[in-house]
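Peer 1: Chain residues, written in single-letter form:
Protein chains: 2
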Amino acid sequence: MRFRQIFRLIGILNFFLGLSMIAPLIVSLVYSDGSTFPILYSFVITSGSGIALFLLIKTNEYPSLSQREGMAIVTLGWLSAGFFGSLPFLFSGSIGTLTHAYFESISGFTTTGASILSNIESLPKGILFWRSLTQWMGGMGIIVLSIAILPFLGVGGMQLYKAEIPSPVVDKLQPRISETAKTLWKVYLFITLLEIGLLFVGGMPLFDSICHAFCTMPTGGFSTQSASIAQYNSAYFEGVITFFMILAGINFSLHFKFLKGDFKVFGKDPECRVFVSILAILILLVTFNIYGTTYHSIGNAFRHAAFQVTSIITTTGFVTGNYANWPGLSQIILLLCMFIGAMAGSTGGAIKVMRIILLVKHGYQEIFRLIHPHAVRSIKLGGKPVPAEVLNSIGGFFILYLSLFILAVIIMSSIGLDIVTSFASVAATIGNVGPGFGLVGPVKNYLSIPDLGKWVLIFCMLLGRLEIYTVIILLAPAYWRK
Amino acid sequence: MRFRQIFRLIGILNFFLGLSMIAPLIVSLVYSDGSTFPILYSFVITSGSGIALFLLIKTNEYPSLSQREGMAIVTLGWLSAGFFGSLPFLFSGSIGTLTHAYFESISGFTTTGASILSNIESLPKGILFWRSLTQWMGGMGIIVLSIAILPFLGVGGMQLYKAEIPSPVVDKLQPRISETAKTLWKVYLFITLLEIGLLFVGGMPLFDSICHAFCTMPTGGFSTQSASIAQYNSAYFEGVITFFMILAGINFSLHFKFLKGDFKVFGKDPECRVFVSILAILILLVTFNIYGTTYHSIGNAFRHAAFQVTSIITTTGFVTGNYANWPGLSQIILLLCMFIGAMAGSTGGAIKVMRIILLVKHGYQEIFRLIHPHAVRSIKLGGKPVPAEVLNSIGGFFILYLSLFILAVIIMSSIGLDIVTSFASVAATIGNVGPGFGLVGPVKNYLSIPDLGKWVLIFCMLLGRLEIYTVIILLAPAYWRK
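In order, the protein sequences belong to chains A and B.
Yeah, the first sequence ends on 867 if you go by the numbering used here, and it's all consecutive.
Yeah, the second sequence ends on 867 if you go by the numbering used here, and it's all consecutive.
Next comes chain A alone, as it looks inside the complex (with noise of 0.2 Å):
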């Protein structure tokens, strides 16, 4: 493990996140909201604090890093962007507390969504920025963009994308990792300003359309309002988040290979279709339910549950109904969703179906090889046989989601929580959801967790960000070992 080139990329990192913080400040003039100064301080500080860990700690090389090294500086520099994203919130006076600013900016930079504020339209538009624009940075990466941006980080820079993308199977759309990155983040960047131009035309503020789109498209779910979506009780901005809340979770390169001229490129992906059939038969299952005991309209049933499904499948966390009080199937049905999370490759959370697909491929496949014993079949995917080392990684990784999964809904009712709060907490922020059931319900936020809990929580989130490996490695007796 090299440390001086480890804590001279987080200063870079801190740096640039710095530098982010000239967006709000911007903001925060134009609408003289107060919170010029402490967002001018936030800003001097990150930056102030990157450029002195760069300058202070000196190096001529910029070796390839190893993957261990990558991961220690994925999880270090997420670590470090929650402490200075937690900044202007403190500074502004918004956020009383570093815990609970430090949620908050966790909450957004994992693009979970899960908030501790309540009375949130009385925030200065400053912060309100700054709060969705860590949800738009986390989505595609903060380190993916610096490796868009900084030139210098050729080689190592795949290992820091594979360790903040650690999608199971890797999808290099252009030669060199420095160009898949900007392709990314080119494209992430064109379907937002779709989005915001399709919000704004339809009658919302362009400083909401913005900040809004800014939380759809990293399936975040951080809103500039209390009452989230349902604040605006309209049918056609409900259509249009619900449409680019599917978008974002979509695998990106398959955008990439639409916007490049392959129009058929979602119907011949495979987990593609299976996600988009998954999103299907759940929102019907939930309009039938909810139908006659919720909602005495069908047109009313299929709009909250099309809505609700898909913000809650691809882990965004928008609310537009206080689904904790539609029936038990339906409350089934969006907690399975925490799990299951929107496509590998997209900006969502949790287990991811394509992750689903080969570990049920692979259930079958051992009741297979019980009637056919000596037959050779290997699970494929798309025609392709998938490898046995990615089947493992995939098996480990769920193993280890469900391990952790239930390591902290124990501590959490060890502090005292009731049985659903802790499990729902712990799967809406280790899924990267947001709002969960229970005291963390959709018309409720974490406020009342205690502080034990807020930090258990903020350990799963970016567990769940970081797709665990990433983070639950620096953790193993063996990493630190010669």
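Incorrect hints may appear among the rest.
Note that the list lumps identical chains together, so a pair holds whenever it fits in one copy or between two copies.
Calculated pairs, DSSO-like style, for lysine-lysine (alpha carbon to alpha carbon, straight line, at most 27 Å) [as the list claims (entries may be wrong)]:
#	residue 1	residue 2
1	Lys443	Lys642
2	Lys645	Lys829
3	Lys746	Lys765
4	Lys746	Lys547
5	Lys653	Lys510
6	Lys510	Lys746
7	Lys765	Lys649
8	Lys829	Lys547
9	Lys769	Lys642
Don't read these hints as lab results, they were simulated from the structure.
Place chain B on chain A using the hints.
Peer 2: Positioned in the frame of chain A, the structure of chain B alone reads:
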């Protein structure tokens, strides 16, 4: 698939099942409880239909059964045992409908212990004895019993044995499978007699001692009392039963080796060490959690924690305290126990400690592989490498267990049950535990579940007892393809 042989063997099985009804017949005569004729009719119909099936289907060959045929015989044999086992309940009027009687019967044979009965003390003694006997026979396996008794089930016996006791690691105690089956049944009988003696010596009536031992050793959990073991409020009985529940949760091969003079066998076995450690840790956690909240002396807290954690993790399901009123942490631990289960090769249900150990090792293996990508290291248990096929099979089992669990929960909630009841009723039946939470909590029973839900749970009990593969394989299209 040679259906003639399959149905002929099921006929033999029915004949023996009918013979076993002679025991409750004698009990009913001794107590002249009015259930003599109902049990006599059941005996005649069961054995008679068995003989009829045997005589009507003519075949001279007793071929070595294939694995597929073995699984078909075991699944169909259990379904048929569930039906004939329900006759005494129906004929005696103890249970009014076939659905309820089949539920109680399958719950007995699968050693689940979920009951639809509320006033258990009022039942005729003969019926109570039959109820306990179904558990005792189901625990070590009704088909394994046939293998032990019937000499001609030579080679085919192995396939039946593997289908009824599908342990992840087969432990052949004797060179011939019929000898292994005989040995296991002898050990089982010996420990059961020991428990009867200890309960009787402590002052429990002989009838109740026999019934409770018959339901402890198979980790069944039916009691002759509606209030279960809480009825006696005796630390001695609870201590004895706790001790024998632990024995029942241990691999019976270890008991055999112990009785053969290898007194260190429990400490040497890696799975046994983990099982006892988990048990100890969870008992301590629950003790401290319920001390001061539910129970006001540490001794009382420990007594109830030890009994209840042991009862649930061994999937027995006896009850001494209303754990549904315990604090959240204790409830979550008990819910977790419903999934963990006891050791492989024990009479307990659920996932089992052996599989949990290997799954966790698989998870850590993947972390290790990321740290040392080029190191070759196989997963070991007790110093011996575990073959990849065993690991794949365990992975498949785990995925199928969870998938079927989720599917059943969705069905239960779609028929209108609340989340907690849907969740707990499936966990408690697929894990062969018995009592759950919510409507099926420790001081309630399964009567309030709608009939459709009862059939779903009957399927879950069978899935759990035959460890998924044996049952689910019959539903795979590939199984029926030529």
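Peer 1: All hints are to be evaluated individually against the structure, with a verdict given for each.
Peer 2: A quick look at each hint next to the structure:
Taking the shortest alpha-carbon separations for Lys443 and Lys642, neither the intra-copy value of 42 Å nor the inter-copy value of 65 Å comes in at or below 27 Å. With identical chains, the CA atoms of Lys645 and Lys829 are never at most 27 Å apart, being 43 Å at best within one copy and 62 Å at best between copies. Taking identical chains as interchangeable, the C-alpha atoms of Lys746 and Lys765 lie at most 27 Å apart whether they share a chain (8 Å) or sit on different chains (26 Å). In the homo-oligomer, the alpha carbons of Lys746 and Lys547 lie at most 27 Å apart both inside one protomer (25 Å) and across protomers (24 Å), since each shortest distance falls under that limit.
Taking CA atoms no more than 27 Å apart as the test, Lys653 paired with Lys510 passes in neither setting, with 43 Å inside one copy and 66 Å between copies. Neither within a single protomer nor between protomers do Lys510 and Lys746 lie at most 27 Å apart by alpha-carbon distance, with minima of 48 Å and 50 Å respectively. Taking the closest pair of Cα atoms, Lys765 and Lys649 come within 27 Å of each other only inside a single copy of the chain (21 Å); across copies the shortest separation is 47 Å, beyond that limit. Taking the shortest alpha-carbon separations for Lys829 and Lys547, neither the intra-copy value of 35 Å nor the inter-copy value of 52 Å comes in at or below 27 Å.
In this homomeric assembly, Lys769 and Lys642 come within 27 Å of each other (Cα to Cα) only inside a single copy, at 19 Å, whereas the closest approach across copies is 49 Å.
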